[in-house]
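Enquirer: Below are the chains, spelled out letter by letter.
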Amino acid sequence: MASFIVRRLLLSVVLLFLISVISFFIITLTPGSPYPWGELNPKISEEVKRVFREKFHLDRPLPEQYALIMRDLFTGKLRSIKDERPVLEKIGERLPATLVLNLGALALSLSFGLLLGIYGARHAGRAPDVITSVLAFVFIALPGFWISYLLAIVLVDYAAVPILGTHTIGVAFTGKAQVFLDYWWHAMLPASILAIGGIAVQSRFIRASMIETLREDYIRTARAKGLDENAVFYRHALRNSIRPLITGIGMLLPALISGAVIIENIFAYPGMGRLGYEAVLERDYPTLVALNFVTAALVLLGNLLADLLYAVVDPRVRLE
Amino acid sequence: MITAAPESIEAAAPSAPGLRAWRRFRANKVGVAALAIVVVLAAVALTFFVLDRMGIPFPRDPDATDLERKLLSPNAVNWLGTDNLGRDVLSRILNGAYISLTVGFVAVFVSLSIGVVVGAISGYFGKWVDNVIMRVVDALMCFPSFFLILTAVALLGPSILNIIVVIGLVSWTGTARLVRAEFLTLRESSYVQAARALGQKSWKIIFRHILPNAAAPIVVTAVLGVPEAILAEAGLSFLGFGVQPPQATWGNIIADGKTYILDAWWLILFPGLAILVAALSFYLTGDALRQAVETRSERQ
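Note that the protein sequences, when read in sequence, are chains F and U. First residue of the first sequence: 0, per numbering that gives the first Met the number 0; consecutive thereafter. First residue of the second sequence: 0, per numbering that gives the first Met the number 0; consecutive thereafter.
These aren't lab readings, by the way, just hints derived from the structure by calculation. One or more of the hints may lead you astray.
Some, not all, of what chain F presents toward chain U, calculated at C-beta under 8 Å [as the list claims (entries may be wrong)]:
id	residue
1	VAL13
2	LEU14
3	ILE21
4	LEU141
5	TRP145
6	ILE256
7	SER257
8	GLY275
9	ARG282
C-beta: ideal position from N, C-alpha, C; glycine also.
Kindly generate the complete structure, drawing on both the sequences and the hints.
Expert: Structure below.
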């Protein structure tokens, strides 16, 4: 177990290195001006440009730039081109909102995905299964931004669900618990919309795994003992679908973070996705490199946790 | 029904699994309906593309503004209403169809080409080659793909070519993993060993002998990749990094319409439905294909 964790951490370091190289070169090799004021602005003197280049190491060769960026990232000195604030500070203040949104969406995806998947497998091959399958694909094919607007139109008129930001404006809650609840309450709509695709993907996996499990010998044995179908299904077969449930954690994370870029914009939600979008607009490449690094680290962490959890619940899996 | 004359049995044999898969596909009602919609969509996209290039405005000119008829709800003249510049929404949706489908097909072609070659090399040669390639693939899979696409397109500048290339370059990893897995099993089969014993060159074994046998799952991923690309393009257009105005795309009609969200629901609803129907029909077709192909490998 310990050696497994050590090796996985080493592998993660290798992957993070590759990720940082890839994101650095994608961002720096694409054409376009790195200056926040535009390449040909006549009001900016050569001297100002030179100072700017020096400040952000843009006068160095690319490999050296990369090394300097990584050094600054790890020492916390990397600064945003736009407002010259430390990048880690900018990301840090977005992190809680991002975690609330993505963990909320993950929890919704896993739980509702499980329910939908079980339902499909229980009725495999019959009409309810066909309907839930088609429904799952409708969920996958739904453009998130579209359903966001449709829901916003409806909810603004008929329900008191907050659709902007993370706090109720104009209300000063006194208790910590109230602020906390207000925070989650604001994340609910974006998290639900973000989870739609995840629910569908997860339900497909659960369904497939349940149907496969139902073909196993031990299920035949359970049936042969004369157990009724519900006991076989929910007590014997369902246990095995905990595995795709855990795999889902690692698999859904990158997709959720991707989806959050658009969803956070629509709901003015102050997470890392919105920070990324703003950084793209401003060509703020130190922020972009750091963001990619942090999200990749989060995804790798999620995968590692999923693998460990996997070994805990399934004694057949040995981590070596 | 196709009945084979005795002398043609040998010639027909190679296509028999394909035929059987097709027969199973036809039995899947959802799949057949979805495929029909895909065909209709493709025909619509092509028709309106040609009409547009020939300068025939049908049903109306998608770019013609008419400020006296702006933000009209669906009516007898403009079936799906008009936008803030008085442009006919139906015409714009029909005119934007080819963008979505072109991006879908061509981006998949790009990602498939990369994924197949990389996956084949990785799976066939194994050892350190495989190890290096798969670590790069792992690294790429940790990126939130849409964010990567957005970054690259924003930096390169949004044009249909850039969008297609970037989506293709970002989304090949899944195909590569799948092809690698197929190659890992197929390279141990006796016909590959026979080919190797006969001194065939590696690239010939890869592309002539192994690849055709891995075709079925590759076709399935290709079909399932099209809606991914369509949705990515719609998302980019929505954020303003898609194909640029005045060219209508499904995503940018919604993006333009969001300012009028509470007054003009038709600017949001209809183009979104178009995206949904297009993506859904490809997903359902791909899923039906997967089922038809998978049963084959189980029976053999």
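Enquirer: A separate judgement is required for each hint: does it hold in the structure or not?
Expert: Hint by hint, here is what the structure shows:
This hint holds: VAL13(F) has a C-beta 6 Å from the nearest C-beta of chain U, less than the 8 Å allowed. Among the interface hints, the one on LEU14(F) holds; its C-beta lies about 5 Å from the nearest C-beta in chain U, closer than the 8 Å criterion. The beta carbon of ILE21(F) is positioned within 8 Å of a beta carbon in chain U (closest approach about 7 Å), and the interface hint is therefore held. A distance limit of 8 Å between C-beta atoms decides the matter here; for LEU141(F) the minimum to chain U is near 6 Å, and the interface restraint holds.
Taken as an interface hint, TRP145(F) checks out: its beta carbon lies about 3 Å from the nearest beta carbon of chain U, inside 8 Å. A least Cβ separation of about 4 Å between ILE256(F) and chain U falls short of the 8 Å threshold, and the interface hint therefore holds. Checking SER257(F) against chain U: minimum C-beta separation of about 4 Å stays under 8 Å; hint holds. Look at GLY275(F): its Cβ gets to within about 6 Å of chain U, closer than 8 Å, so that hint holds up.
The beta carbon of ARG282(F) is positioned within 8 Å of a beta carbon in chain U (closest approach about 7 Å), and the interface hint is therefore held.
Violation of the numbered hints given earlier is absent; every hint is satisfied by the structure.
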